[in-house]
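K.L.:
Let the hints inform the model, and build the full structure from the sequences given.
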Amino acid sequence: MLSYIARRILYSIPVLIVASFLTFWGLRIAFDPLAKYRNLHSPDAAANLLQHKKELGLDSPIAVQWWHWLTKALHGNLGISQRTNNPVFGELIHKMGTTVHLVFWGTLISALLAIGIGLYSAVKQYSAGDYIFTGASYLGIAMPPFWFGLMAIVIFVTWPVTTFHLQQPILYSIGLHGTGQSGIFNLDYYRHLALPVATLVVQSVASWSRFERASMLDVLSADYIRTAQAKGVPRRKVIFKHAFRNALIPLVTVMALDTAYLFGGLIITEQIFSISGMGRYFIDSLTAGDAPALLGWMLFTAFFIILFNLIADVMYGVLDPRIRLS
Amino acid sequence: MTITAPPEHSADLELAVTAEPVPRTQWQLFRRRFMHHKLAVFGLIMLIAITIMCFFPGIFARGHHNGFDISTALSGAQGPSMKHWLGTDEQGQDFFYVLLKSGQISLKIGFVVAIVSTTFGVFLGSAAGYFGKWVDGPLSALTDLFLVMPFLAVIAVLLQYEGHSAGWIIVALSLFGWTYVARISRGQVLQLKQKEFVEAAQASGAPSRRIIGRHMLPNMFGPIMVNLTLSVAYAIVAESTLTFLGFGIQAPQTSWGLLLSDNEGAVNDTSKIHLLLFPGLMLLIVVLCVNFIGDGLRDAFDPQAKHST
Chain A
0 MLSYIARRIL YSIPVLIVAS FLTFWGLRIA FDPLAKYRNL HSPDAAANLL QHKKELGLDS
60 PIAVQWWHWL TKALHGNLGI SQRTNNPVFG ELIHKMGTTV HLVFWGTLIS ALLAIGIGLY
120 SAVKQYSAGD YIFTGASYLG IAMPPFWFGL MAIVIFVTWP VTTFHLQQPI LYSIGLHGTG
180 QSGIFNLDYY RHLALPVATL VVQSVASWSR FERASMLDVL SADYIRTAQA KGVPRRKVIF
240 KHAFRNALIP LVTVMALDTA YLFGGLIITE QIFSISGMGR YFIDSLTAGD APALLGWMLF
300 TAFFIILFNL IADVMYGVLD PRIRLS
Chain B
0 MTITAPPEHS ADLELAVTAE PVPRTQWQLF RRRFMHHKLA VFGLIMLIAI TIMCFFPGIF
60 ARGHHNGFDI STALSGAQGP SMKHWLGTDE QGQDFFYVLL KSGQISLKIG FVVAIVSTTF
120 GVFLGSAAGY FGKWVDGPLS ALTDLFLVMP FLAVIAVLLQ YEGHSAGWII VALSLFGWTY
180 VARISRGQVL QLKQKEFVEA AQASGAPSRR IIGRHMLPNM FGPIMVNLTL SVAYAIVAES
240 TLTFLGFGIQ APQTSWGLLL SDNEGAVNDT SKIHLLLFPG LMLLIVVLCV NFIGDGLRDA
300 FDPQAKHST
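Chains as they are written, first to last, in numbering that gives the first Met the number 0: chain A, 0 to 325; chain B, 0 to 308.
It should be emphasised that the hints constitute simulated quantities derived from the structure, not laboratory data. Ideal placement from N, C-alpha and C gives every residue a C-beta, glycine not left out. Hints may be right or wrong, so weigh each one.
To be verified - Some chain A residues flagged as far from chain B (calculated, every beta-carbon gap over 10 Å):
| no. | residue |
| --- | --- |
| 1 | L118 |
| 2 | Q228 |
| 3 | F239 |
Stated by the list, open to error - If you only want the chain B side, here are some residues facing chain A, beta carbon under 8 Å, derived:
| no. | residue |
| --- | --- |
| 4 | V147 |
| 5 | V236 |
| 6 | I272 |
| 7 | G279 |
| 8 | V286 |
P.N.:
This is how it looks when you write it as structure tokens:
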């Protein structure tokens, strides 16, 4: 098992390195790191520019610059944000702390719902419930996530407040905590979290539950399930002990691959619900043309996506010994 | 087990056994199967209707020159009424007209991106599958790379740098849309390579270009077409999302995403809710139709396959 994990890690390192180089190169083309020195109208502007260019190491070839950036990055130094003048690394860690709330609840709730719905739809195929879930998943997959977020705000925040003349809405649409509130064992936190998490959950549940249903149906028609039933294993045990575990394997992979989309979804969700996490940080840095912050963001995000993929690979190995050994 | 079939059913069965098999072309068989899929036919008709309405908005939202009605011009956004079915926007324009007109860019981007990225993906994917090692290695590495990039973020950076025109949105979305179809065509080509008819073509000295183009492509047509429809949905949603975030279409051009972005403030004002409701509904309906068509195509191309998804 350990050698399997080691092999997977070794494989993802070159991917991360190449991704970081391409990002570095692309962002260097897209954003001029000297922009803020260019429009100064002092008499020695040209000399200043040259000096800054040297200071920032911009006179060396792009590969060398990238190497400097990477070695520094590995020591936890991602440079200084041009927008806020704070170290990028610290800011990203801080923002990640906020985003983790969304990722954790979003993934957990999506996974539980998707597995539950998928199991139900497969075991009770063509029942009324199955048709209802199928219809709902069609809607969920087709719905633009940001529109769902906006509509959720209208239905759960604006409409109750104007109709019942409430002082405070039941669910909030801004931030993760009310003023003066903190901690996670706090009702206020969940009232803030409900809508953004729902926005993240809707799309994942729709496609994941379809996937779980398909793989469960596949497994249920396998020979060993018929054998188990024929030798008199109770149905409940056949479903949960024999079929469920195998039906989970493909879903785990899809879930991990979807994390790349999750980070995209976070950009939208955090923007709509004014949550100052990774997604908001990306938008703010991009509109400000803040290259060091964007570079750091990309590296962080790519790292997490690779990490999730790695977790999926390892889970895959745990769930299915055949893969581990090949 | 006793068979208790209703009489008309058994008559049908008899007819089917005794009747001469009618010779049908592949295309006729395909069309019959597609027509059996009610939702797909419904989706196709809806999509064609919406496309026509969007490109000729004057016919369907008549009576307002360029959608502009002087009597409501200064009264701000108003809810749906008999005169303005979907209400008016902040400038007093008939919102139905605005909605249809905005659909033009959304639909155009959807269709063009789907065609460009599918062509590109099929080309690269089948080359990788057919020629193997020296094309396949770099391509697999590239698709692995695309998997670790948060595509929305990369496209946003590209558009921020290159400008917010429809053309660049198409380029950016196509750049990220091809990997999936490339993987599918690669798999298909790898399978087809084992078939006898390909071997026969190779033995008779046909050039690779001809083997892929004339012998393999027609056999991969089904999955490719299904993927094409799904890419339309992907592109339309991606465009609206990017535009909503402020990195896509910008005024004076307009799209459904831009309508949602412009009217985001309506979330706090229930009297303007139609400005948010209808553009989103249009997106939802179009994507639903496209997905239905995709399902119908899948069933029609591959009647034997299990369709549990």
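K.L.:
With reference to the structure, classify each hint as holding or not holding.
P.N.:
Quick rundown of the hints versus the structure:
Every CB of chain B is more than 10 Å from the CB of A/L118 (nearest about 13 Å), matching its label as outside the interface. With a least CB separation of 20 Å from chain B, A/Q228 remains clear of the 10 Å interface cut-off, as annotated. No beta-carbon of chain B comes within 10 Å of the beta-carbon of A/F239; the shortest separation is about 20 Å. For B/V147, the interface hint holds, since its Cβ comes within 8 Å of a Cβ in chain A; the closest pair sits about 5 Å apart.
Using the Cβ-Cβ criterion of 8 Å, the hint placing B/V236 at the interface with chain A is satisfied: the shortest such distance is roughly 5 Å. Because the beta carbon of B/I272 sits about 6 Å from the nearest beta carbon in chain A, less than 8 Å, this interface hint is met. A distance limit of 8 Å between C-beta atoms decides the matter here; for B/G279 the minimum to chain A is near 4 Å, and the interface restraint holds. Restraint check, B/V286 versus chain A: the minimum CB separation of about 4 Å is within 8 Å; hint holds.
Consistency with the previously given hints is maintained throughout, with no hint failing.
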